[in-house]
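**Q** If you want the building blocks of each chain, they are given just below.
Protein chains: 2
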Amino acid sequence: MKPYAQLTREELLALQKELQKAYEDQKARGLSLDISRGKPSSEQLDLSMPMFDIMHSSAEMIAADGTDVRNYGQLSGIPEARKLMGDLMGADPSQVIVFGNSSLNIMYDTVARSVLFGVMGSTPWSKLDNVKFLCPVPGYDRHFSVTEQFGFELISIPMTKDGPDMDLVEEYVNNDPEVKGIWCVPVYSNPDGTVYSAETVKRFAALKPAASDFRIYWDNAYVVHHLYDDNEAVIPNILEECEKAGNPDMVYQFASTSKITFSGAGIAAMSASKANIDDVLSKLKWQTIGHDKVNQLRHVRFFKDINGLKDHMKKHAAILRPKFAAVIKTLEDDLGGLDIARWNYPTGGYFVSFDGMEGTAKRTVALCKEAGLVLTGAGAAYPYGKDPKDTNIRIAPSLPPVSEIEQAMELFSICARLAAVEKLLEEKA
Amino acid sequence: MKPYAQLTREELLALQKELQKAYEDQKARGLSLDISRGKPSSEQLDLSMPMFDIMHSSAEMIAADGTDVRNYGQLSGIPEARKLMGDLMGADPSQVIVFGNSSLNIMYDTVARSVLFGVMGSTPWSKLDNVKFLCPVPGYDRHFSVTEQFGFELISIPMTKDGPDMDLVEEYVNNDPEVKGIWCVPVYSNPDGTVYSAETVKRFAALKPAASDFRIYWDNAYVVHHLYDDNEAVIPNILEECEKAGNPDMVYQFASTSKITFSGAGIAAMSASKANIDDVLSKLKWQTIGHDKVNQLRHVRFFKDINGLKDHMKKHAAILRPKFAAVIKTLEDDLGGLDIARWNYPTGGYFVSFDGMEGTAKRTVALCKEAGLVLTGAGAAYPYGKDPKDTNIRIAPSLPPVSEIEQAMELFSICARLAAVEKLLEEKA
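Here the protein sequences line up with chains A and B, keeping their order.
Taking numbering that gives the first Met the number 0, I'd label the letters of the first sequence as residues 0 to 428.
Taking numbering that gives the first Met the number 0, I'd label the letters of the second sequence as residues 0 to 428.
If we strip away everything but chain A, and leave its shape as in the complex, we get (with noise of 0.2 angstroms):
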């Protein structure tokens, strides 16, 4: 096949009648699927049962430091759950807080404690005229959706193969004492799968902000989640970088095991220099006695440490090899050659990013939809869910089976590829 580019008029509305045809087929299917969000499959959850077939005992439930995880207390987590947390985030246990089961919580309560407190003595963002965030796209639609609800201005930042673009982030940063952050996924990133660069990790520490309370908001949700032994993304440590480029204080990283154990019942933390990590705990303190010691140290017994978490990450990869291939095998199929969409080859990870042709995101999600396709919204990857040149489609593979991500991709294709042939019929109109 041809670029759809170079068909004429007359080939184009014969392609439509054709695609429309295999349309209304796939409609007649009466299918119902959802690739739209970066769930585990049961297959992925049930890696993780054997947790529940420790800890039975009183005996058991007494932590390294003889706390009794079933009783009050422990505001940082036990101290083995901060030594596993630090491991996968290359940080001291002194730098990690273990809370609940939802890294997202933690990054939502770490801007409003901003908002409302101020960041190590800073003047609370609430009193300020404008807060600016820094927005990498295509990015995490709730990253975006926690500063958004705060009324801060986003500031989109194209990606590049690298990371995001990093002399547009030292402008913003280095100038403008409005910008107090900036969202990033360094491994695997949501949803193009970029792994940073180790020139713009060590450009991310060497930055001077304007502000003395930015942070980088360092989302290390996929670190551990390679696709292949053979392929594992390594990039400097974020925590130690900042250190030695005299920033100790400007980075926040999260991380969780929602990904790794169970998206509902896992453990998150942070990790941060010890002065940041103060400031954090001395408002924290008002907010809960403590989070879930039970679960921290259920986790911290069924992995033993963060090799026995390594180990556990290759089955998940196992399980999930086969359905990235599955997208890209049709991806390539049906749309190679025909000049009208790119998309990723993730090698970690929960999502193959693709971009159609201008102008055609909305209208490809809308006819998937139609036909009983649940997608991402089209835009959810912009701040305010604009994508400016309505392109990208965040495909999430992780949770049906193959074959129904077979039909799924076979049905995406179609209209997407109709999605082009309208708009390419738009255009010679």
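One or more hints might be untrue.
Intra- or inter-copy, both count: the list cannot distinguish identical chains.
Calculated pairs, EDC-like style, for lysine to aspartate or glutamate (alpha carbon to alpha carbon, straight line, at most 20 angstroms) [to be verified]:
#	residue 1	residue 2
1	284	147
2	126	147
3	160	354
4	282	152
Hint data in this document are derived by calculation from the structure and do not stem from the laboratory.
Please arrange chain B on chain A, whose structure you already have, making use of the hints.
**A** For chain B alone, coordinates are given in the frame of chain A:
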């Protein structure tokens, strides 16, 4: 022994010498005792250990509505947990959100949400010049601290035997639009064990707040925490009373299983009118994808229903009764008839509230501390930690074994008497 006030200066000096000797003997024992916080004992925590012997298979991880509790979702909590916590609070499941392990965290976040975003469309409290919160005293220190952190003006409302002084509450709430809330522990209040009378509850429900965003923070922390089968407190249902009185949206109710199952790993919930619940959910959805539903389901499976939970509470009562009895016995034996103190006789909850002679509470706590007994700080039960008369001390006997409580109370009563004698001598000087 006759009342201390009737003793001559010489008699007081002789008594002081005697008490000082007794105090020094206590100090020499090198005690290390703690009756400062309302923490359950290991024996109580053991009651819920069978909870960890259920739910091992993937099939057991499915909630009543088909939700896999291990995965993301269900922001309001799973249906059966909403039912259980609703039954605990006298609320329909549709009026309930089940959160994580801490009701304090829910209350803090509810206040924070009001500050950041307002209440059902009202002006965010951060935009107001002044916010006042009513604090029945003595009360729960962590309640007061939350509202202190947000910079509110805390107004003390004296407790009576029927609950807060409602004349004063009505005067403030019905006339002052800056009054946005009141902290209540309606059943077995912290620390004085007061059960609000039916009239008090009805007067709360019939308030006519000057502020449309005024809310009663009804922390029903001890709703099923009875000590005696034949003397269980029952008060009118605040949600129903508010609705009857034409104020359906005026109350937020809170409860948790922290002192039913595990203080660090229970489940917590709020209940309120549907309009309030919708308002909370409309903000909460940006903060988290959902709370730990595995723990929610585990709790429901363990108790089966509210009757199972209530039966479970009888086991707690059996453990707690002798501890409370030990406190009361020493107070009666050592301080009865001296006219230097009074205390309550709680029929539920977690505390004995002690009032010594004016100006002696701090001294008593300091003497105890020096001899190895940790008590909640004097004044903790008052806003800003300031007990205007310096009389109140909260005694929390749940954690230590009876033998330690007896030791602790022996020391305590010596310190209380010594502080009283010192005070009387000062007055006679």
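**Q** Among the hints numbered above, which are violated by the structure, and what are their numbers in rising order?
**A** Hint check: nothing fails, all pass.
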